[in-house]
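Novice: Read off the chains here:
There are 2 protein chains.
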Amino acid sequence: MFDFTVDTTSGCARSGTLELPHGTVDTPCFMPVGTQGTVRALSPNDLRAVGATLVLANTYHLHVRPGEEVVAKLGALHRFMAWDRPLLTDSGGFQVFSLEGFRRVDDDGVEFQSHVDGGRRRLTPERATEIQWTLGADIAMAFDHVVPGDADEATARDAMERTLRWLARCAKRHGELADGRTGGRAVSDGAVVRPSASPPIRQTLWPILQGGTHRALREEGLRRILDMTSWTGLAIGGLAVGEPKPVMYAVLDALAPRLPPGLPRYLMGVGFPEDLVAAVERGVDLFDCVAPTRNGRNGSAFTPDGPVNIRNAEHREDPRPLDASCDCETCTTFSRGYLRHLFVAEELLGLRLLSLHNVRYLIRLAEDMRAAIRRNAFGPWAEAWRRRYLRSGPA
Amino acid sequence: MFDFTVDTTSGCARSGTLELPHGTVDTPCFMPVGTQGTVRALSPNDLRAVGATLVLANTYHLHVRPGEEVVAKLGALHRFMAWDRPLLTDSGGFQVFSLEGFRRVDDDGVEFQSHVDGGRRRLTPERATEIQWTLGADIAMAFDHVVPGDADEATARDAMERTLRWLARCAKRHGELADGRTGGRAVSDGAVVRPSASPPIRQTLWPILQGGTHRALREEGLRRILDMTSWTGLAIGGLAVGEPKPVMYAVLDALAPRLPPGLPRYLMGVGFPEDLVAAVERGVDLFDCVAPTRNGRNGSAFTPDGPVNIRNAEHREDPRPLDASCDCETCTTFSRGYLRHLFVAEELLGLRLLSLHNVRYLIRLAEDMRAAIRRNAFGPWAEAWRRRYLRSGPA
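So the sequence lines, in the order shown, correspond to chains A and B. Quick note: the first sequence uses this note's numbering, first residue 9, plus one each step. Quick note: the second sequence uses this note's numbering, first residue 9, plus one each step.
Bear in mind the hints are in silico, worked out from the structure with no lab data behind them. Hints may contain errors.
[Said to hold, decoys possible] What follows is a list of derived Cβ distance ranges for each label pair:
no., chain 1, residue 1, chain 2, residue 2, range
1, B, 56, A, 320, 26 to 32 Å
2, B, 268, A, 333, 28 to 34 Å
3, B, 56, A, 395, 55 to 61 Å
4, A, 354, B, 250, 51 to 57 Å
5, A, 321, B, 158, 43 to 49 Å
6, B, 56, A, 398, 37 to 43 Å
7, A, 231, B, 56, 54 to 60 Å
8, B, 130, A, 125, 50 to 56 Å
9, A, 320, B, 282, 44 to 50 Å
10, B, 341, A, 269, 38 to 44 Å
11, B, 341, A, 250, 34 to 40 Å
[Claimed, not checked] Chain B residues, not near chain A, derived (Cβ > 10 Å throughout):
no., residue
12, 83
13, 249
14, 375
Positions of the beta carbon are idealized from the N, C-alpha and C atoms, including for glycine.
Model the full structure from these sequences, guided by the hints.
Specialist: Right under this line is the structure:
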């Protein structure tokens, strides 16, 4: 269930509440990425402390290591990673199409090479659905064919058509699993799929819209997805994969009036602060990105005045917090000088403290946007936010 | 001030309470090591959560990077590393004598090569005292000359005699600093030393007893230290530096009846669980060691049944906690299977969770020993502890 209100002062910014088996998610929402069943350098307590509600984990990575059967034996994904709030698993599509190494696509699925042991593996819409069922997240994603941001229309159409055919197969298998029609019996490739919790959680499956940067394809894809069945949410994939930002915004602008208002909209793999603001302005509700943790590990911190590189010598004796307006442990406890020391001295605590701050920054940005929308003032809020954040030019 | 009680059921185990400017330390006490102003992979909140009271930081490392003047500008060591409980700094002696690279000793001090930039630096008893004054820990250590565990008597005597001469110089300079006689003025090598907190903390200086494995030297050194002035604590250095364990225990046995009961006794660089129990049995009160964090980062965990290597395949699907008797976040939250996954997948959270558990294990071990001593039952407690811990042979 998704209740929402729309701001009238700018674009079509929305604020809503999404009910999921493990709890409620307020939107706009940024989800931290726990690729291997852990948000890098952060603990579940850290994630709760920074206000995370929905966390993403990667089906491809967990399938390859430790394997979904191991996760199931350890109590399914929530128990495995000790996260008691909502979880979303991606389908593995993005990974098998973006990781280096061997890959062969046919209509049945994708054969690829494990980045861990180099072994050949195969994902199909059915297997991706079964693996996610076994992992047991609140939201599972359909298996999709992702193409690069500069793919021509023929390539993008081919991948979109395949993604639509795969979507029907994902939905069919997910329905069978949810109905218990395959409970405990081998369903494909000899794997045994069991309900991942008792009582089984009401996992929901979301489709992914592809179509590259081609608006007509995107519009057609959206119509065909919506014609297929009724969904509880919808993801926009294949953006932020190398295309220029104005092109991404143009696709979102084209989609905004056509997206059914009652479905939460998840823009996959986005993003940086300015991208979140621009996408919320265009009606997007949910986001995920590794930027806050990856950049944090590199010493780069988000602040209201733009990114700060904590390694810079200017911070050496600076007693001020990283971000004076931030309520996270990093900013309320440590000086910039100490944080710089941790990075220069290659101390593990530095990686954690900047990751923690960056995740809190994006979650707080989403909270601020929500508050602005709730008081019907998103337009002026976004203008003021950009004036400050982009003062020294885009990051 | 140090109040204590002695157990009568085994050796001379003691339990006491040490009052320091930043708080009270119950003994026996294990102090985690924050080499560069951070206990590796752990935050101050983590350290409070595992019950740490006294934390050690390394003068050599902080002098070389970021430099004590930077620490002072960021509010001195407590504020710098956001640790509001007692701190102890070592003197740098152990590091300059144990790190690789160039080193030249004369009676004035030691010239050595920085491990960070390769530059030549010099430490003297006065400089080591001034640096520690600037850092502002509760307890400063005297600058000492450490020799390897297999040093012959002549070598050990030479180093002990030098350490005694240096101790007098450390005490003189510390007294001047504490009396404010040099406050704000250049005291040596052109450096300016300021009281590190306002009002200045009552930092105390502890001597370090050297003498290698030679009991007569140790006994003579102890007499000469005690004849010098009255101290508030005493450290035993130059043990656990390569000599066999029975040799270390023999030195402790020889010293035990000669140590003044009213001074807390700090055995530097020790140690592993079995060493703590053996040393408490011989009247030692305080310990520090990097083992819990270093071993934790290598996937090795202390448990009541001996060490466990979490990387082992046997833990792959094990839903049990690392240590069922432990109250730390790691053991109350995660399965062995998940912890193994974190190590196999090279996730940062694994390094932190095992470090956290190992520090908690040693602090709880000290707490357990304290409780046993308080009920005058240390002898049987130690016997039962060893029976379980060493069941599968010494670690």
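Novice: It remains to establish, for every hint, whether it holds in the given structure.
Specialist: Status of each hint after checking the structure:
1. B:56 x A:320: 26 to 32 Å: 31 Å, holds
2. B:268 x A:333: 28 to 34 Å: Because 54 Å falls outside the window, the suggested range is violated.
3. B:56 x A:395: 55 to 61 Å: Given about 41 Å between the Cβ atoms, the range is violated.
4. A:354 x B:250: 51 to 57 Å: The hinted range 51 to 57 Å is violated for residue 354 of chain A and residue 250 of chain B, with Cβ atoms some 28 Å apart.
5. A:321 x B:158: 43 to 49 Å: Holds, since residue 321 of chain A and residue 158 of chain B (Cβ atoms, about 44 Å apart) stay within the stated range.
6. B:56 x A:398: 37 to 43 Å: Holds, since residue 56 of chain B and residue 398 of chain A (Cβ atoms, about 40 Å apart) stay within the stated range.
7. A:231 x B:56: 54 to 60 Å: 57 Å Cβ-Cβ, so the 54 to 60 Å window holds.
8. B:130 x A:125: 50 to 56 Å: Holds, since residue 130 of chain B and residue 125 of chain A (Cβ atoms, about 53 Å apart) stay within the stated range.
9. A:320 x B:282: 44 to 50 Å: 47 Å, holds
10. B:341 x A:269: 38 to 44 Å: 40 Å, holds
11. B:341 x A:250: 34 to 40 Å: 39 Å, holds
12. 83: Nearest chain A Cβ is 7 Å from residue 83 of chain B, so the label is violated.
13. 249: 25 Å, holds
14. 375: 23 Å, holds
Of the hints listed earlier, those the structure fails to meet are numbers 2, 3, 4, 12, in rising order.
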